[in-house]
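Peer 1: Please put together the full structure from these sequences, using the hints given.
Chain by chain, the residues:
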Amino acid sequence: MAALFEGFTLCGVVSGSARAEAALLGVEAEREEDRVVVTDCGRSVTVYKVSDQKPLGSWHVRQGQSLTCPAVWSSRSGEYVAVTDSRVIRIWKDDDTTFEKTFKATVCADVARIHAAADSEPVVLFARGAVRMLDALLEAPQQPIEEVLSEEEVIRSVCRCAQCFYSCKEDCYLYLQRFNPNSLHKYKLETGESRARPLSLCATVRNQSIKLLCLYSSGCLYQSVLSMRGTIQDGVQLLPRTLLLRLPVEDGHLSSASVVSLDEGNLAMVGVPHPSASAGKEFLCIWNTNFQTLQAAKELTGRIYGQLWSYSGRLYVPHGKALTVIPYECERSSLATALGRLQQDRSDGEQLVTTVVSWNTLLHEDTIQHQKGARGVETRQSVRHRGNNVPLAPMLRKFTVVSFTAVPSLLLLLIIRYIFLSCVTRDVEMILSGTADPELQLVVGRLASQLVSRCQSDSAFYPHHTLAQLVHTRCVCHSLCPNLLMLALEKKDYSLAQLCLQHFPDIPEAVTCACLKAFLDDLQTENLEPDSVSFMEGMVAVCKRDGALENGFSPVLLEEDSCDVNAPTTRAKGKADWLVLDMPCPVGVKKAALLNEILQTAHTDSFLLPHLKDLTAQQVVLFLQYLQFLYLKYYQDISAQAPGLRSPTVTQIMDWVCSTLDAHFTVLVMLPEARDLLFQLHKFVRSQVRLICELGKIQGSLQDLHKLKQTEDADLYSIEVIELF
Amino acid sequence: MGEFKVHRVRFFGYMPSGIRCMSFNERAERLALGRLDGTLEIFNFKDSFYQEKVIPGNDSRSVEAVCWVAERLFTAGLNGEITEYDLENLCPKYSLDAFGGPIWTVACNAQGTHLAVGCEDGSIKLFEILPEKIRFERNLDRQKGRVLSLSWHESGTRIAAGMLDMIRIFDVQSGHATHRMLVDRGVSGMRNHECVVWCVAFLSDLTVISTDSSGKVQVWNAAMGILSSTHLVSKSDVLSLAVSKDESSFVVGTSEGTVVQFQFLANILGGDEKAWVRTKTFKPHTHDVRALAEIGTAVVSGGLDTQLVVRPLLDKVDIMSYDNVLHKIHFPHRSLVSCAQKAGMLLFQFPAQLEVWRLGESEGRGKPGDTLFVKKNPEKLLQLKRKGEDHISCSAISPCGGWLAYSTVSSLRVYRLQCDEHVSISKVPKLPKVLRSAHQLSFSDDSSKLFAASTHSMVHVISLSQSECKHLHTFKPKSGSTEPVHLLAASKDGKWLAAANRGCEIHIYNLHKLKPHCTVPIYGSCPTAMGIHPTSNNLLMVHADRQIFEYSIVEKQYTDWSRRVQREGLHKLWLERDTPVTHVTFNPRNAAQFMLHDTYMFCIIDQSLPLPDNKCQFYNQITLKSLSEQERLSHAHAFKMCTKYQHLLFLGLLDDESLVVVQRPLTDIASQLPAPVRLKKFAT
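Residue numbers (this note's numbering), protein chains in the order written: chain A, 4 to 728; chain B, 18 to 701.
By construction, these hints were calculated from the structure, which means they are not laboratory data.
Predicted model only: the values in this text are computed from it and were never measured.
Fair warning: there could be bad hints in the mix.
[As the list claims (entries may be wrong)] Facing chain A, according to a computed beta carbon distance under 10 Å, are these residues of chain B, among others:
{"#": "1", "residue": "Arg25"}
{"#": "2", "residue": "Phe28"}
{"#": "3", "residue": "Pro385"}
{"#": "4", "residue": "Asn394"}
{"#": "5", "residue": "Lys509"}
{"#": "6", "residue": "Gly511"}
{"#": "7", "residue": "Cys620"}
{"#": "8", "residue": "Leu644"}
Glycine is no exception: its CB is placed at the ideal position from the N, C-alpha and C atoms.
Peer 2: And the structure:
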């Protein structure tokens, strides 16, 4: 799982609105992890200590001069290197106060970029494609520089870790410069039929191979792997590529976007629209390429420039009038972490439906599907016509044109904005029945997010039944429609919330906690899922019946007080009645059923903890009481875990007890009303631990039985017959 | 392929003796091992841990400490003598009384010029090592209390001595003690008991490591005479200590059977300040770990539970191979059992006696897997106690069961055995003078000749008859090798005799012409078992690295089958087997088959079948059993492994074509050991 944390502003961005292409010249790493060199578009270079948000040093060029490439820190020599006015290389140290007195050298060709990879000498890339080591260049600054690129080619993007850049005229080419031995390779970048332009390149070196990520203006992200070792024949080759992601792009083309690889499976992107957010908002997104899921997103205010850097666990993105630093965290992604720790076991055959959208399979097929889908939708238009009196005719004409290029359900989605509640239900039903399976997910996802956004804008509009129906298709998941669950909570539609909790495999911990909070707070609910309620009813019934023991059996008391875990209400009865382990269920049956759903959601402890802390003390006490109730019940009556019904397992209960105690321990200790509860819990747990110890001993001694082989008769002498084959 | 009737014998009460001390010779890669009964064993670590030489013990001699000086081997014992051994004739060369009472320890300096011994009377005596002998030089200052352990500093100018309750550092030049370091007696209950410093080691940086009877491992600064650190590793004694060659780690052995490794490590990663840190704990033994050696990539340990354990230190191992996996050596790598095939009798060799048993008889026949009814029980015919104090080194019974011979380092005796109604035994008088002792004894197939391998690789041929016993001939190897012969094999037709010595040479002699016939090309690994095929007269040899060769004596060249084995290679699992093959027999029913056994299996090798390659299933008996007759043919390969019988000491074939397996289960050995140090375990 990847997560974006709260960001902060490092510095302002001074670029005027006239400069469209970039906000900053660059952000480069400095000697320490916590420091960066920021070069702005004007005349200054500033070193920041990032965690303190404080500039450590700043240098300005004289009026009339300008910086033309981002300043870099050369770890070899401990100096900064920058270029002014395209041809003057300037080198200075920390203690130099102004640019004027620093070393400078004028070279005889325009410099495009300087690169300083860690532990190696800086490299100068000229605008016409030649490459020199900085030291070699400074020995003879006026040395002639050859031209690699032809006249009409321009360097469009340069990546850091390997010297690769691409240039563009009609076609786009990728040049890969290697050192030791020096060689330059030229690859042709495919642009496909749509004439998509490469927007951003990102290269990482792993296992002797260069992994290039290339984001095209069509929203496609391709990966190419080039070997560092193998000899490559001369001449232009077509760069082999594989499609990693195809991101939805509203209007066909991205203008400026940037991609940065964070680790093997995760990458950050800026300038690419969020799949379920409305247009006009800009997001910083972390995508997982292995699962093709959106891992985290953060909205950025102001315009973005399509620039993004990542150094030591932080993303640097200029937007609006500021450069924002956003720390991120990428845990190594695996299926387990992607789906959370406690993926509930869905053993029933009918429930086996994938809920993660596979963009690949969906979108590769769209050309064929479009036409099919479009036809289907058109037949339905007549129905809709009769159902409402909004003048749709001009719009529909427009859609028939659009529908060949966009996903067909778009048609309906826009219509949703205009029609009434009753019609929505019917239309959605129609669509659901008429859509083919692979497309269903996409359609349902879009439908759901549009419905939700309409609900949010129009407080009177709330199609509970339709939403429930959509959730029931199991094609919606939380990342497809992030606001659905929150909307249900807002509208106090707890039965929908329960459905979501049951069906979404990917609910973030924050939302889980919000649900928990809401459920603990108040509850007047009606229609919950019958199974879960009947399970709780059964459990409460067990607890009432429990007073009478069956056939007079009375287990021998291990230790008089250690097992005394009576609830406060039954405490008065005294110790003799120790077996009355039951406490009344502290919450109502329906509330309990909802809480059970919470207990069964997938979650990761470390992400859950901060959100759990939001609960108030009263909520925590209530929740703990309920957990204790469940725990005691399970301990008492194994059959409480009815096999057919959805019910939390003991492990899940224990996990939640641990997490809750962990999050609120100090509060609970201070709280007088929690005292009894904690004492009882402790006593009971202690008795259980003792039991486990004893069981462990028995297990240990019985284990040896396995080792005892059936020793043949220990006779000193026998005569046997054997056969060999 | 065939059914066999198996006499499964478990009444051989073989009991190995506990391990007392060991010393590893880095240069020759040989480990010398002293046992409690005074036996010395030499293992060749280059050659698959093969037990190369055994010097039989002596009742009056004890081995308390063993020490290599270059290629020479010295021991000292509680009889107060220092003994040097003749490693070619496998006997003591000379003994020298140190006149200091029982000797507890012996140590040689790094230069190899002096031996120091620690005596019961508190003296440390220095002996000068001369080419052929050692000579007493002087005493260091005599102290009160016995000297239990000694260690030279590598400069040869100082000696650390572990005594009762203290360690003393001596200056060798002056002979005076320069430091006296007192060892704490440990926990309060033990205050009245003296603390015995069982081992000391003097490192080159003037650090002294000591282990003692209160369970402590202590590191001392000998320059200052102060204690640097104490590690409590056991509740009972820490008995042994071995330091690695580079002095970066050492191991200690406790009386609870554990071995604990300490390493000299930096306190913080990459830091300069280093300290001795306890790193690993093994429990290879059940009883006292009396002897330890650290040999670079492995820890060798031995103790009262009689087994020798070679445990690899995996942090020092780069590639896993046969040489660096765990090895446990329980049984000697030579046969202690000989079988009179024609008479159905077994001879068991103990250090102090011989036992002759007659096998039982069964009734009727049975299906495979059956245990037959024993009509007649096995019978112990004879128990013959040896004369003198020397332990028996080798023995043999003739195939007809009429002759019995055994040898110690000092004498050789031949007996005439008659067991009809009642058993009678008579010593053969007036043996030829050449027969003084033997390393190996063997009878010819018709029991008319006795072959005795003697000193300098000589083999004496003695003709036996009712009336007299005559020396016929002595074969000497042409190579002039003086290594002891450890294997003898005579052909069934009485024409050929093969003798293998520890120098890996195998000589073949012609008994009709009484002339050397040829020498088998020398292979780099020591032969562990060999036999001459009864019909084809091919010599079959198995070496310590488990390679199998077949050599045609008549044609004086390797046979085609042998060449095929070498060309195709043996199966990986065969080459990785842990114990050497100790016996070869031939199946009279099928001339293409012969049988081998090691401690954990026996196998029949069929030369007419294809050899297994590494891809095919090696242990395939269970698979074959489940297949039909036709399918078996396509799946069968030459190695027919039977692992049903474990802990095999012997496997032989009687004339009635039934097999004899002699087993000695380890549990039986363990049950005869003294009780181990009591440790609290659950449910005990």
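Peer 1: Does each hint hold? Answer for all of them.
Peer 2: The hints, checked one at a time:
1. Arg25: Nearest chain A Cβ about 5 Å off; hint holds.
2. Phe28: holds (4 Å)
3. Pro385: holds (4 Å)
4. Asn394: holds (7 Å)
5. Lys509: Since the shortest Cβ distance to chain A is 24 Å, the answer is violated.
6. Gly511: Since the shortest Cβ distance to chain A is 31 Å, the answer is violated.
7. Cys620: holds (9 Å)
8. Leu644: holds (8 Å)
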